[in-house]
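Engineer: Let the hints inform the model, and build the full structure from the sequences given.
Number of protein chains: 2
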Amino acid sequence: MSPDDQRKLDQLCVNTIRLLAVDMVEAARSGHPGLPLGAAPLAFVLWTRFLRHNPENPAWPNRDRFILSAGHGSALLYALLHLSGYDLPLAALRDFRQWDSLTPGHPEYGLTPGVEATSGPLGQGFTMGVGMALAETFLAQRFNRPGYDLIDHYTYALVSDGDLMEGISSEAASLAGTLGLGKIVYLYDDNGISIEGSTDLAFTEDVSLRFQAYGWQVIRVADGNDLDALAKAITNARGEKEKPSLIMVKTNLGYGSPKQDSAACHGEPLGREATNKTKEFFGWPPEADFHVPDEVWERFRQVREKGRAAQEQWQNLFSAYKAIHQADAETFDRWRRGDPPDGWTEALPFFDPGTAPLATRSASGRVLNALAEHLPNLIGGSADLAPSNKTYLEGYPALGQGRAGGRNIHFGVREHAMGAMVNGLALHGGVIPYGGTFLVFSDYMRPAIRLAALMKTRSIFVFTHDSIGVGEDGPTHQPVEHLAALRAIPGLTVIRPADANETVAAWRVALQNQGPTALILTRQNLPVLDAGGLNLFESVARGAYVLADCKGQPDVILIATGSEVHLALAARRRLAVEGVTTWIVSMPSWELFAAQPVDYREQVLPARVKARLAIEAGVSMGWRRWTGDLGGTVSVDRFGVSAPGERIFKEFGFTPENVAARAKEILAAAKAAVK
Amino acid sequence: MSPDDQRKLDQLCVNTIRLLAVDMVEAARSGHPGLPLGAAPLAFVLWTRFLRHNPENPAWPNRDRFILSAGHGSALLYALLHLSGYDLPLAALRDFRQWDSLTPGHPEYGLTPGVEATSGPLGQGFTMGVGMALAETFLAQRFNRPGYDLIDHYTYALVSDGDLMEGISSEAASLAGTLGLGKIVYLYDDNGISIEGSTDLAFTEDVSLRFQAYGWQVIRVADGNDLDALAKAITNARGEKEKPSLIMVKTNLGYGSPKQDSAACHGEPLGREATNKTKEFFGWPPEADFHVPDEVWERFRQVREKGRAAQEQWQNLFSAYKAIHQADAETFDRWRRGDPPDGWTEALPFFDPGTAPLATRSASGRVLNALAEHLPNLIGGSADLAPSNKTYLEGYPALGQGRAGGRNIHFGVREHAMGAMVNGLALHGGVIPYGGTFLVFSDYMRPAIRLAALMKTRSIFVFTHDSIGVGEDGPTHQPVEHLAALRAIPGLTVIRPADANETVAAWRVALQNQGPTALILTRQNLPVLDAGGLNLFESVARGAYVLADCKGQPDVILIATGSEVHLALAARRRLAVEGVTTWIVSMPSWELFAAQPVDYREQVLPARVKARLAIEAGVSMGWRRWTGDLGGTVSVDRFGVSAPGERIFKEFGFTPENVAARAKEILAAAKAAVK
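Protein chains in written order, with the numbering used here: chain A, 1 to 675; chain B, 1001 to 1675.
Worth flagging that the hints you see were computed from the coordinates, not collected in a lab. Mixed in with the good hints, there may be bad ones.
Capping the alpha-carbon separation at 27 angstroms, the derived lysine-lysine pairs in DSS-like fashion look like this [unchecked claim]:
1) Lys-1008/B x Lys-1232/B
2) Lys-8/A x Lys-306/A
3) Lys-1008/B x Lys-1306/B
4) Lys-1671/B x Lys-675/A
5) Lys-8/A x Lys-250/A
6) Lys-259/A x Lys-8/A
7) Lys-1551/B x Lys-1664/B
8) Lys-650/A x Lys-1456/B
9) Lys-675/A x Lys-1675/B
10) Lys-306/A x Lys-322/A
11) Lys-1259/B x Lys-1008/B
12) Lys-1306/B x Lys-1232/B
13) Lys-1551/B x Lys-1671/B
14) Lys-1671/B x Lys-671/A
15) Lys-456/A x Lys-1650/B
16) Lys-1008/B x Lys-1277/B
17) Lys-1675/B x Lys-671/A
18) Lys-1250/B x Lys-1008/B
Taking CB as the label site, the calculated pair distances span [to be verified]:
19) Ala-140/A x Asp-1200/B: 19 to 27 angstroms
20) Asn-658/A x Asp-1549/B: 35 to 43 angstroms
21) Ala-1140/B x Gly-192/A: 25 to 33 angstroms
22) Asp-1200/B x Gly-395/A: 18 to 26 angstroms
From a predicted model like this one, the values you see are computed outputs, not experimental measurements. Quick reminder that beta carbons are idealized off the backbone N, C-alpha and C, glycines included.
Structural biologist: Here is the structure:
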């Protein structure tokens, strides 16, 4: 094919992508046509000339990652996936944004083959990509041998002005620069338009200078329709291995449509008339919906074959590697499957009830360090609170540029980026990531926690300093509503262990979870409970259990979580003296308990026992579910205060006296109600 | 006094501040001595040579604002407030971080005189300052006349590396640059140390270049102990009126202590021995706790007098202004008191039940625009979703540099900064600020919402697109847990109106609220309810009311919020046919209802009616409180999906058929239970 014919064919491919996207949005009568029209050229060049992927096997571990951080441009991604040969038939494109389709409004990981991350909430995709690139760095350090670059791929993303305005991207960009993640290549769709109008209304910063300040290479492409310039820019970006690269591509939102360069083509269909004019502009037959010219199919068939060949080549490399480095190859396979080695649970510590009191954050740190050797792909860190969160893996270097064997991630004071990077690490596969901060700052990373739940990634969040027990740092640092707010997120497992051994069990649950887990841990020391003959692994995994019972049915059930379990036990002793019998239910996890069969739940909270008191140093919201109408709570339905923790607990009614008194009140009221 | 003596005295003052802070932390056995030791010189220079404030009247409207964004350095601020003559006696300093003291671990607005904002969660103070500076711009534009600069003050802050790492600060800095907020002067305490060690571990970006990219003036001070260099830098920063200024001051964390330049002196007391050595270093008598030399008192007395004179001068200016511009002066006074003009509520629209269905977001837009003229200090905007959030004030320009009469704020895609800026605007006083985005993105601004609740600012948050009704945009854009998560925040009033008139009433509540309000509004159209003779202003203000009753007691109470009230009404018609009597309780606000007297609550939800069904397109969490053990919910306890909104509602059981069926189930079960 002559260069000129090649150029024409390329252009035809670009326009096919554009108009598939337009047709999808028209068919759905909903969506975002502007981005695909403007960004199709850059996406086409990237996907056909650079992206190493095998559409027949989206799980190939050494594939390049591509994230559409500007997830509202999903029609662009679906068009690319369809043409590239992923298992996404034309029918799915026709069904864009409909019930039960494979083509939702924003890309969803786990639903559509080839979608690497759920995106749409801006800045998340940008940041998950940084996590993926960090996973690549870690795995390459671990497995690559001279001549055998088992893991050696790029992480690409298409990002928008909205992505760059969001603070999370600033956090991630600064950290990516610090870590020298040179295999990041992000294409910025610089179209100058945001929903309220020109980006100049709110965004006049010098993006290039800003990213240079973060330590990135910045490359400009003045004309987003110039395929060769785009190719050259991507080549240059790939050539720089020490710094992440941002390619700023000047594009036109809604290119070729009558609404070009206006916010009007951002988030709604062009409409029949404008669609026809757009098709006319691109020389398309107006009646041809979802039209893919044969030569375009042929062009993408070649790309598909290139992808297949790339993976075959890699498989050969892997076979050769396996012959020489058998153990490493087996480890590699196990890590990518996400399986822990046999017997890893043997390494979990056990704390004798005679052990000196210790904070659950400290127990968590002990678990992490006990497992470090046995789960060598467990990596993570804290948002600059490692000494407080106890998240440091002792004896291992920091992960990042040029630090072999690194496993500790210094996220900096960047909770939000940490959350999304943990998700990106998990999405990449091969690693078990965690990230820690104070529970009160889970608010800073909430959008990332939500995405973890939506994507069902095995993201582990370590939240310490879990109540007013924080003490002197005061209400800005004392969580009160955060347990409730986290429990409200569907699919997130929240576990607040009561002592060191429950913490061990909680970590076990988290590591085996098919979704994200939030571990809620104390700052203050707690005694190690004597759980008698109970199997704590099983008990904690069931979410709640009877820690202390009595002969027959109790007068009152005291339900508590975390540090308050000890308070419940103290109140029980006091109540026993007065002849009031109790059960103590330790309930580290609502979600796990709610998932148990009815009969187990009935064993733990018998329907006939109406006098129930929940004790938790957080808001009472939601507890009624477990206490019932006749029950009550000892809770914190206000903000905390700055004072020593013990003092606050006392002033807020977290004393054995008050708990016992409340229990007796509830018992009396329940008796009266039943009469 | 000779220049040399002056220098010596200044140094004595600086050291007094340092050692007061050290003594506070030692006395509390808790706190952060490192920052005060390093940053005392810059704080001293700013407070004594530049800050225009009157410690005897912390409410003087034209005072300069100072925010300690690095709130963990609170001991520094308290030492300054004490020495400057604010009503903060030495006893309060001795009582640092104790129960019921005026000196909590992090500065708290409303508690300690002279504290302009609650800070500690990093980045919030930085961003609230941007909001304050924007309020200053707005008020100066509105009130200043030639020769009468009624509002003309600076906004200063002390910021740390942690502040600059947080994404929210990036958002705010970019917007401050775009808006040209030249009266911002921020001092960056560049000590090179974070909690995990050197900032190089996670933060190697070129901060100067980054802020230049945002459009800031950046000034460096190489030696944070050089008082004259600091003064020169602040003078230069003040001189630049078109750009915000960042002064990067190289300091030493824990200066003068044996733990200088190490993370060890960041967040814990120095200890007895190191304290003594530190006092020795500064030539302090080791036994002198909380020591303030007489000449230091004298020096600060002069500063106090300067402050008193400054306000007197301003009062004279104001009197002269009043003589010429009486109406403006009265408006100024009313705005600073926060009072609306008489009869403003007359301007609120009323929607006749015959009106075509409209979304509550549209009704909200109508309220805003109806009030715009009557409440001319109502200003706000959206995080780049104004056309969707309906937050635009028609006919008014954008607020910002050089745009007279501007009231619309284009926050950009920066929800978090928007939240904190709204708080800063409210804290400044004189304006009624609001900010809008999609409800699902309330997660992005949650730390700011929490601070609004903690500070009790009249921040108004407009959250539209409030449920699965969002439709095609899918689960990333459909809130499900957000109502619960917002309700969990103590002190936040959450209102989800059911129609246009409830929306009007909700705005009325928000504008009169002594704290923050979250308005939760639909994307989809809703009919205007026929509320009969009900006073909706009163009914909504009470949080819940019986919208439709029946003769005597009902079989079932259907409780609903927002768009689901209409569904409840449809189910009621269906149930009536089958002889099941119902009440419909519209419950726009849990918080408002919970605050009503018991007898009102009993009127709305009579204890004897156990068959209650709550209908809300969100998670069921917390509803048991209102439905009781025998009640139930029609709710969304999972993530949404991408499809047309009506389809999702149907698939998720939000149909009159299903609601009626569930109501009958509940009725049957309740009857069985009572038997």
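Engineer: If a hint holds in the structure, say so; if it does not, say that too.
Structural biologist: Hint by hint, here is what the structure shows:
Between the alpha carbons of Lys-1008/B and Lys-1232/B the distance comes to roughly 19 angstroms, so the proposed pair stays at or under 27 angstroms and holds. Pair hint Lys-8/A plus Lys-306/A holds up; C-alpha atoms about 21 angstroms apart against a cutoff of 27 angstroms. A distance of roughly 21 angstroms separates the Cα atoms of Lys-1008/B and Lys-1306/B; the hinted pair therefore holds under the 27 angstroms criterion. Restraint check for Lys-1671/B and Lys-675/A: satisfied, since their Cα atoms lie roughly 18 angstroms apart, inside the 27 angstroms limit.
Straight-line distance between C-alpha atoms of Lys-8/A and Lys-250/A comes to about 22 angstroms, which keeps the hinted pair within the 27 angstroms bound. Our distance criterion of 27 angstroms between C-alpha atoms is met by Lys-259/A and Lys-8/A, whose separation comes to about 25 angstroms. For the proposed pair Lys-1551/B and Lys-1664/B, the alpha carbon gap of about 19 angstroms is at most 27 angstroms, so the pair holds. Using a Cα cut-off of 27 angstroms, the hinted pair Lys-650/A and Lys-1456/B holds, with the two alpha carbons roughly 25 angstroms apart.
Under the criterion of a C-alpha separation no larger than 27 angstroms, the hint pairing Lys-675/A with Lys-1675/B is consistent with the structure, at around 14 angstroms. For a cut-off of 27 angstroms, the pair hint linking Lys-306/A to Lys-322/A stands: about 24 angstroms separates their Cα positions. About 25 angstroms separates the Cα atoms of Lys-1259/B and Lys-1008/B, which keeps this hinted pair within 27 angstroms; it holds. In summary, the hint linking Lys-1306/B to Lys-1232/B is supported, as the alpha carbons are separated by about 20 angstroms, within the 27 angstroms threshold.
Our distance criterion of 27 angstroms between C-alpha atoms is met by Lys-1551/B and Lys-1671/B, whose separation comes to about 19 angstroms. Taken as a hint, the Lys-1671/B and Lys-671/A pair is honoured in the structure, with Cα atoms around 21 angstroms apart against an allowance of 27 angstroms. With a CA separation close to 25 angstroms, the supplied pair Lys-456/A and Lys-1650/B stays within the 27 angstroms bound. A C-alpha spacing of about 21 angstroms is found between Lys-1008/B and Lys-1277/B, which places the hinted pair at or below 27 angstroms, so the restraint holds.
Pair hint Lys-1675/B plus Lys-671/A holds up; C-alpha atoms about 18 angstroms apart against a cutoff of 27 angstroms. Annotation: proposed proximity of Lys-1250/B to Lys-1008/B holds, straight-line Cα distance about 22 angstroms (limit 27 angstroms). A beta carbon spacing of about 23 angstroms between Ala-140/A and Asp-1200/B agrees with the range 19 to 27 angstroms that was offered as a hint. About 41 angstroms separates the C-beta atoms of Asn-658/A and Asp-1549/B, a value consistent with the hinted range of 35 to 43 angstroms.
Judged by the Cβ atoms, the range 25 to 33 angstroms given for Ala-1140/B and Gly-192/A holds: they are separated by roughly 31 angstroms. For the pair Asp-1200/B and Gly-395/A, the supplied restraint of 18 to 26 angstroms holds, since their beta-carbon distance comes to about 21 angstroms.
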